[in-house]
Amino acid sequence: MKIAVVSDDLIQHGGQERVTDAFLDIFPTAVLYSSAISPEWKTYLKSKNVKFHVSFADKIPFFYKLYRYYAPFLMHNLAFESFNLSEYDLVLSSSSRFAHTILTKPKTVHVCYMHSPGRMFWLTDDYFKNESYGILKPLKKFAKSFLSYFLLYQRMLDYVAAQRVNVFLTNSEVVKKRIKKFYGRESSVIHPFIDLKPFKKLVAKDGDYFLVVTRLAAWKRVDIAIEACMDLNLKLKIIGDGPDMPRLVNLAKKSPLIEFMGAVPDDVKLDTLAGSKALIQTQYEDFGIVPLEANATGKVVLAYGKGGVLETMQKGKTAEFFYSQNAESVKQLLISFDSTRYDIKECTKNAERFDLSVFRQNVLNFINSIGSVY
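Going by UniProt numbering, the first residue of the sequence shown is number 1, and it counts up by one from there.
Note that these hints are calculated values from the structure, not bench results. All of these numbers come straight from a predicted model, not from anything done at the bench. It is possible that part of the hints are untrue.
The list that follows gives simulated cross-link-like pairs (lysine-lysine, DSSO-like), each with its CA atoms no further than 30 Å apart [said to hold, decoys possible]:
#1 176 <-> 2
#2 200 <-> 105
#3 349 <-> 235
Throw the hints in and build the complete structure from the sequences for me.
The structure is reproduced here in structure tokens:
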């Protein structure tokens, strides 16, 4: 069976990219297609002996920096539709925006792992509420007006493209409902994964600090964790960087108990997790890998009680939730939290449900199960 893996542009390192990389490990003879691949990713793929193809978009000047701004001109749609995939029996796409818009022959089975229908054109209010607009900031009102016409057209194109997919997989019940609502399509949930191998050598210890691990963007609401810890004179370490860092640093400047560690290597992140009192997650996530990483180190998660954590975490055993996204709610949870009430083994056992080996087997089982249908 000839297999192709199709991915949204490989420029960043997030959940979509992790799943694409896992697909390439599960199907080592598969050929990769992507609209654009950064030099860093190309080097990595070559080290794994992965054969890959890029579209014309990869040659557009500054595409790696400005890829979002090409979207109104349908550049991404055209890039994926330009691929000739007629020789493949199975195409496995990993899509959070455009990868599922590929064209395939009737004999080819297209299985799409949909991380979420494109937020820019289906969850517009949420997306642009937290959008800085970058180079378009001086023209913000004009940009919103211009984009509204594009987004309507893009939704139409995206809906039509979704009807071409044979089978949808997705990462959570949250996104499953979204796929049904926007596309009118059913999907099967196969949760994403963490690789537990690096966690085996870690030793959990009850430290004297709480921890936040996230990209520092305004919508992540790290500010409410900072304010709560400052009010209670609690130590807080923050791993990650991003556009909201200057504001957050200014917010915390009066407290010596708030430490910004910036972006750190994975081994430092895991050691810091293992030495914390608990992880604080203040943002909504469709799934969320970091809470599982915290559980894998034996740590409880204090999370905003919406989204994927309600599927992956177990209240009272591996996590506790606050339900209003404000500092007072975080503060009340911190006051009542006692790390000695929780069993480390419950946390690590929960993380084991999402090991890479489980994801691999679930994907293989699913592909085998649809063989008789298609």
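> Which of the listed hints are broken here?
Replying inline: Structure breaks hint 2 only.
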